[in-house]
Each structure stands twice: as C-alpha cells, then as structure tokens.
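Asks: Sequence:
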Amino acid sequence: MTEGNFSLVEMVSLQMNRRHSGQHDFYLSSTLKDHAKKRRMSSDIVAMDMAQPENAAFAKKSGFFISRGMAWFLLLLFVSGLLATGLLVYYYAPDPYPSSVQEKHQQETPRPGDVTSEVESPSAHRPKTTTSTSSPSTSAPPSTTTSAAPDNEEVPEEVVVERGREDVLEGEDGEEGEIMPSPDTPEEERQPTKKPNVRLPRSLKPVHYQIKLQPFVRGNFSIFGYVEIEMEVLEPTAEIVLHILNIETHNDTVKLQPADNPGHSGLKIVKHEYDHEREFYIAHLEEPLEQGQYYVLSMNFLGYLNDKLKGFYRSSYKDEEGNERWIASTQFQPTHARAAFPCFDEPGMKATFEVFLGREENMTSISNMPLAETLPLDDQEGWYWDRFNTSVPMSTYLVAFVVSDFVYLNSTTDNGTSFRVWARESVIDQAEYANDIGPKLLSYFEDYFQVPYPLPKQDMIALPNFLGGAMENWGLIIYRETSMLFDLESSAAENQRWVTLVMAHELAHQWFGNIVTPKWWDDLWLNEGFASFVQYIGMDHVQPSWKVMEQFVIDTLQSVFALDCLESSHPISLKVGDPDEISQIFDGISYNKGSSIIRMMIHFLTEASLRKGLTNYLEEFKYNNAEQDDLWKYLTMAAHEDGTLPTDLTVKTIMDTWTLQMGYPVINVTRSPDGTTATVTQERYLLNKKDSRDDSKYSWWVPLNYASQGNPNFTVTSPLVWMKDSESEITVSSLPSGDEWVIFNVQETGFYRVNYDDDNWNLIIEQLKADHEVIHTINRAQIIDDAMDLARAGHLSYEIALDIYTYLGNETEYVPWKSAVNKLESLVELFERTGGYGALQSYIKDMIVPLYESVGFEHNASDSLLTQFKRKTALSWACRLGHQDCLDNSAALYRQWMEDPQTNTISPNIKETVYCRAIEAGGDKEWEFAWNMFLETTVASETLVLLKAMGCTKKIWLLSRYLEMAFPTDRGIKLQDSEVVFSAVAKNPVGRPLAWTFLRDNWGKIYKHYGKANRRILKSVTAGFNTRQQLKEVQLFQEEHKRDLGAASRTMENAIERITNDIAWMDSNYQNIVDWLESQGYSSKVSNI
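Numbering (this note's numbering), first residue to last: 736 to 1824.
No lab work stands behind these hints: they were computed from the structure.
Be careful, since some hints might not be right.
Capping the alpha-carbon separation at 30 Å, the derived lysine-lysine pairs in BS3-like fashion look like this [claimed, not checked]: (1) Lys1683 / Lys1580; (2) Lys1254 / Lys1357; (3) Lys1053 / Lys1003; (4) Lys1504 / Lys1310; (5) Lys1767 / Lys1777.
Quick list of the computed label-pair ranges, beta carbon to beta carbon [said to hold, decoys possible]: (6) Thr1382 / Gly1151: 18 to 26 Å; (7) Glu1056 / Ala1627: 34 to 42 Å; (8) Gln1764 / Asp1426: 53 to 61 Å; (9) Asp1426 / Glu1567: 35 to 43 Å; (10) Glu1056 / Glu1588: 47 to 55 Å.
We put the beta carbon where it would ideally sit given N, CA and C, even for glycine.
Generate the whole structure from the sequences, applying the supplied hints.
Replies: If you want it as structure tokens, here you go:
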C-alpha cells in the first residue's frame, strides 16, 4: 500500500477519533500523526507475520499452548467479534467514501487501499433532502454527519444525507448542471419539475475565509479540510446557509462564535440540514444572529480529489522514465468552489482568503497569493503546511491552488510584479515564450486601464489535464498545455498565435472579472466579452505585425453571426438561475457577440472616451461587484465630457438594444434613381425568416457610416448618422451619383449586415474586379460574408453573391480569402452527399489551385504570419479537393517521416494537412505510426494535430476502433482529448454516420465519461446533417434524452433549427446552384447520357 493510502477500517477509525478531538483546527496534524505511527507499526507487523508464518499457527512453541477445542472457541469468538464490529461500523460509523466523494460511477483501475464500486447510471441517485434534529448544544448536536448513503440503505435518524453528485451534468468548461435521469429512466420519472430558487439568502455576507486543506494526491485522493468563515449579519437570521457539494462535514465540529469573542463557548445550533437540490448546507440556530454583528463559523470536513477536471481534482502524467506523477489542481468557475470547501459560492459574495495547503516535501504548492511561510506537520515526517498571504477581496470561483512537482521560469514586469510560469520539468523549455510575452501583456494592461495590477505576483501554470483552454484565477492562471506552451521546432505559427491570444485573454480578466466582478452570472458577458475584445488589443501591442485587429472580423464577428441568426439564440444579458442555466451561457454569444459590440462601442465612442470610462468604472467598483448599467453610466459620463456622444443620448439607450434582445439587423440600403439619396431600413436577420415563429418586433440603435467611390476613406469609423430603434426607415443624403458605389459599415465596425439594391452590388463587384485594393481589406471580407449569407437567407440572388468570387484570383490578403472559404465550407457541407458535389468541387478547385501555386507547398521561414496562414488555407483546401500535387507532396513527406521517425522534416505549419491526407490515403500502417508518435511526443500542440489527423482515415474499422479507444480514458487518450477524437471522426464524411451511431448506442457510457452531456460532441456530430431523415433522428434523440441534456439543451435546439434551415435551403436553392455551376462550365451530368 502506497504511503498515504487508508483502508476502510482505518478511515472509519480516523473519523471516529476526530470526534473526540477538541482541537478542531489541528485535527489534520494530530490525527495524521497518530495514523502515521500506526501505519508504520502495522506495516512492521504485517512484514513480521509474512516472514514468520509460525506466529499465526496454533502449535507448540516456547511459552504456552491451547487445546484444539479452545482454539475453535477462540476462533468463533474472533469471527463473532469481527461480525459485530462490521455491523456497528455499517450502521453507525460515517462512510469514509460516500458516493458524494468517492465518485462510484467512474471506471478506473482499482488502486491498493481504494474502495471501488459498481458503475452507476446517471439516475442512480434521486435528489433527496434529509434533516437531522437533536437537543440543543453550545455548538452542534453530538455525532452528526453530513454524508451520503445508497438509496436502499437505511439512514440513521441523526444523519443529514448529501446524495452523491457524480451523476451531475456539467457544461463546457467544467460548469455543473442538475441531476438528470439516465436513458433507461421510466417515462413517469422524466416529468419536468419546477426549478427551485438556488440563490443564497442576503442575510449574511462573508468577510474572510481561513481554509486548510491536506489533499492525499499520492494516496487515496481524500482531502482533510477545515474552514473558518467570518460573516457580517446584514439582516437578523436564525439560519446560516452555505453551498456544499461532494463534501462530508462532521457536524459535531461545527462551531459558531462571535468574531470579537473567540473564547466564547459557542452559539447553539439546533439542527443541521442538507438541501441536495440546491446544494445548501443549513445550520438552524436557537436564536437569531444580531444585525451588524460579526460571527465566525468553523468546521472540519472530508473531501475527495475527483477525476472529472472540476472542483479540486486529481490528474497525472508520465515523466521521462515512465513513472506516473500526480497533480492536485482546481477549476471552480462557475459553481465548483463548493466542492472544495463550504462557502458562499456566488460571484457577488466577495471576501478575503487565507489558504493553508498540506503537501509532501518533494512537491510544491501555489495559490492566488505569495507563500508566507512553510511549517512542518508535527510527527508527520515529510509533510508540510504552506501558508499563503491573505488575498484581496475576491469571489470564490477565483480561488485556486495547485499541488505538483512542477518547475518554473521567473521574470519581473516593468512595475516590479513577480511573474512565474510553471510546467512539467521535461517541457519547461516550451514555457519560454509565455515567460517572455506574459509580463509584457500584464504591464501593457496596467497602462491601458490606468489601474495598477493589485497583487505582488502572477503565476501561470500549464497542466497536462485541464478541461477548458485556461482559467483566470487571480494571481494563478491555470492553462491547458496547448494554451501556454509553444515549441519553436514543433509548433505551428497558429499555435503561437493561440498561446498569445489565451494569455492576453486571461490577463485581461485580472481587471475585467477579478478587480470588478458581475453581481451575478446574468452579466457574464461583462467578463468574457471584454476579455475577448481586449485580448486583441493586447496581442496587437506585443505582435503588431500579425494584424490581429483585421483577424477579429473573421475569427469573432463573422463566426458569431452564424449563431445569432437563429431563433434559438439568446440575448447577451440573460437571466439565469441554477448551475445548468449558468453553464449554457458560456457560449459564443457571451464571448464573441459580447466582444463584437464592445468593438462597435469603441468606434462610436472613440477609444479615448472608452478607456476613460473603463478606468473610472474600475476604480469605482474595485474589489466589488457591478452590473452592466453601472458600466453604461461611467461610459456615458466620459463620452459626454469628451463630446463624443450627444448630451441627450446615453450609452444605456444605445446598448440595451444590443444586450437585452437577441439577434442583429440587416440594414437595407436602397438608393434613389440618381443615387444621391438612399432609403435605409432595418429588420432582424434570420437564416430562415419564412418559417419563423417569432413575432417579436426587433429594432436597434444602429451607427451608420459609409465610404464611396468618390471618397474611398475607410479610416473614419465613427457614425455619420444614427438610426434609432424607433425609426422604421430613414433617408441618407449626400451620397455620390448613381454610377458610383457606396459601402456602408466601414471596416465592419457595426454588428450588422448590409444589403443593397442590385445596381449598387454590381458597382461594388466591378470595383473588386478592376482594383480591389481601393476597398479596405476588412470590407472586402465583409462584402463576401454578407453577400453569401444574404443569398442563403433569400435576401440576394446567388448569381450576384457568387459573382463576387471571380475577383479572388487577384486577391493576395489572407482575411478576404479566409472569409471566402468559410462561406464555401457551408456549401460543401450541404453538397457533399449529393449528385451536384462534383461540379461544386471542380469549381472551387479551379479557384483554389492558383492560390496554392502562388503560395507554394514549401514553408518559408521569412514569411509573415498571415502568409503562413494563407498557405495553410490553400494547402488544406487543395488537398481536400483532390489536387494531385498537394496529395503527392503530403504522402511523400509522411512516408519520409515513417522511414526515419526520429527526424520529422515536415513544417509545423502544414503538419495538419500532411498528416491528415497521408493517413486518409493510407491504411493501418500509417494510422499505427501516427498513434505511436502520439504516445511518444511531449509537445502538446503535436499531440492535438495527431489526434485530429487519426480521424481522417477512410477505413471504417479504424474509425470505429478509434472511437472505442476514446471512451473510457484508460487507453492513452485523456478525458480532455476524447472530445477531440470524437469530433475528428464526426468531421470525416465517412466517420460522421459512425460517430452518430456510436453516440446513440453508447450514450450512457459517454454521459458517465464526462458526467454530463457534452456540448462539443453534440455540435460536431450534427454539424453536417441536412436531410429529413437526419432531422427526425436528432429530434428523436432530443426527446429520448431531454432530461439528460442539461446545459447542452440549447446546443440541441440550435442543431435542430440549423438542420431545419438547411433542409429548407436545399429545397429552395440546390437546383439553382447546380444550374449556375453548369452555366459556368461545371456540369454534374454524365457526359454520355
């Protein structure tokens, strides 16, 4: 048994011993001291017994002997004693591994000393609340415990039950939802229930936490914990309500004392209660707490390091010698701090935190604040307490800690902040880039916001197992390795850009989200929207040659247009309640639409006014919480001071139309016969307006600006005129004559599409063909994107939209090309299983091959980032469309690597295409080689490329085996990567039906694998569906698993709406596109028929 592992009897004994200890905050030390001694003694005894078998025999030895009858009597007595002890333990001792902390459903290899159990379905435990009542005491009723027990087990009256929550659904980045039944739950049990109010009472406010945690990360994964919470009483109350999840509390250790009288015997607690559905622990008091007074609640508890990458969790990696190394780390956003320690787990309840972490001597621990001191644990050889400085006031979801054997690189910002980047020792060299760029970003944001970074240090750590991309914990940002590590030899330029973007995003959060936090998750977009925009400003500062502000349009704005044009979209600011609803809004609307409307604001307010308003807002609400109206107030004040907004107009008036309703407008510009005036109208842009069931009236405050042929000034992005939400149409005058084009929405700064009369569209197309560079790069991308989507929705003919593509032979910039192929991707997905695909394939190939030939297959180290991106785009499409030169080059490079696995000469920027196409054209040898390289590599970005590439094979049996290997994760594929595998197979036209069948046949297993319905998997597998049969299957799936979907329910609604829209599009447009292709010389007909 590994040191630190406890047997079941030992754990029970530990807990029973704890009840008799008067040192509630030192039981971690005292109990483990005794335990360590006992373990050494018991180990010696076991060794002695194994070496001297005669000690266990009834035979004549020196001393004494017993008769056979007496021996049988003693044996019977011994067995009876064991049985009696077992019954006592079974019925009266708390379970040291309750289902709430053991996570019984996980399928893992048993470890010595672990308690294992059968896999449970998501419906194994129903929500249940049990209360305990006993006679009053000065602290708590004696011998009460908040724990868990199986449904069929009788629960002693004095035990408060916390049902296990391993069957919990969670959203994308570890967000948690409600318990849902499994697919085999009887229909009568699937009836929807009214969701309870999960908000904490407002009667108490936390002021300060002291948290002591000792995670046995290299033992049985239990956590011994202690917490003190100082609270201010805002209203008289006879209840203390905290959040708690997957934690066993020992109610006899719960004490409540006046903060100014720590020697007080304690206030009387008459009852403990656990409300499972709301994840509440409730202490019922004999007398109400006095308003304005401060009290301290303290308790001991037992937790568990889960393996679901949420809360306080465990993960592992293999070192260079193949040894397994363990890590304990956190992911608390949005509602998982409660799974690590009892707390007021709402963003609006900020407090200061003093953290103690117990660790072994060959490991290190880090938390939000700098290390204050390290103290040895008495009589626990090799164990230490790390105490960290008290934090600034912050929300519970930002608390973080990591226990590991990682190493770090360090530097210092211009303002003297200590900056460290942590990683596994074998890959620490890949953190050099982060160590260089991170301090520059932090210093720049201090200058940009004119608010100093308030902490003395900033740590960043790259974990091999992390569910999201990164998490902005204050002073301790946690990343997935692919989001922080960059290897110059093996990683692509795209990886470098991604690392820079994620670092800029998380460091921007240190102001937006950390210094000022939304009062509630309704305004999540204030966190994510601002960070998602400011990340581009930070990137542009540290990497100005990348032109990232141009890339914003294709990466963010145009991508979220495709989501917000659905009726199943939602407003940016949305009322949410339970964890399930909170999880749903961590999506493209909060991030990408949020950042897009902030970009719009910076152009109609000016950057100077926006920055002034942001600075004042951050200073006013520092260490506090705010709502979007607070931000509007300070931006309005700055704009009025600077004269950038009329005094009779407020930011709230404008922005409420963008944040409180979903969707966005299409601005219709119809010019007069002479062209000098235009009638401008607005309407909500819907992908399928004909079948819309939404009769709401949508209108916006729209900032209008334009450039013209006679005045092609694309630098003025401030509004020339406002279209109010109350105006159905307006007239814009002073336009050029009718033979000159106008282009509205300069640099696509407004969050809207623009449609013109056919004459103006044709004038724009003529300009593109004659001299496209007269029009700004971003507006060229806008024209392509708007035209194709307007045609898709029936606002514009495809003849006009596709005619725009004829100019691309002269286009040299990446951004317009990327916008163009993004729109072609939609056509390909609709056509690829139809008879017309061959004609479309030939048409696109003729367009792509010249681009492919202009950029070349070979990498050029002197190329700019955007040139490298353009080459990657050209190669990807050329190979995908069957261009032989591209396929031959890919196969040759991969074959060369197979012949010499230690020497990979393939440029990182084209690996994705080369690996995929070589594996697609090859067989099991090519696939097996990729798998072996995946197992050997230590570069996280290379791992990701290989995982995706192995999904490119056309061999059905390989794809089926690959899916089976991803679930569960004991075959070399991590939990965080299993969705990458599934999505890679689902993206493959051959693999998509396999993935869909696999998902339906293995829903229960996949559900348990994640502990939730995974949104990315559901989105990827339905992405290419466009037939009525597929729609029926998806609708049936939604109905069968309605109660299972949780935070993924909106994903399914989006998918069904999109499939419905695609079917309608096929009915209306497929033949028109086929006819147009034939008119251009691309026929889908067989030549001799």
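Asks: Take the hints in turn and mark each one as holding or not.
Replies: We went through each hint and held it up to the structure:
1. Lys1683 / Lys1580: 24 Å, holds
2. Lys1254 / Lys1357: 13 Å, holds
3. Lys1053 / Lys1003: 51 Å, violated
4. Lys1504 / Lys1310: 48 Å, violated
5. Lys1767 / Lys1777: 15 Å, holds
6. Thr1382 / Gly1151: 18 to 26 Å: Given a distance of about 42 Å, which is not inside 18 to 26 Å, the answer is violated.
7. Glu1056 / Ala1627: 34 to 42 Å: 36 Å, holds
8. Gln1764 / Asp1426: 53 to 61 Å: 19 Å Cβ-Cβ, so the 53 to 61 Å window is violated.
9. Asp1426 / Glu1567: 35 to 43 Å: Taking Cβ atoms as reference, Asp1426 and Glu1567 lie about 24 Å apart, which means the hint is violated.
10. Glu1056 / Glu1588: 47 to 55 Å: 48 Å, holds
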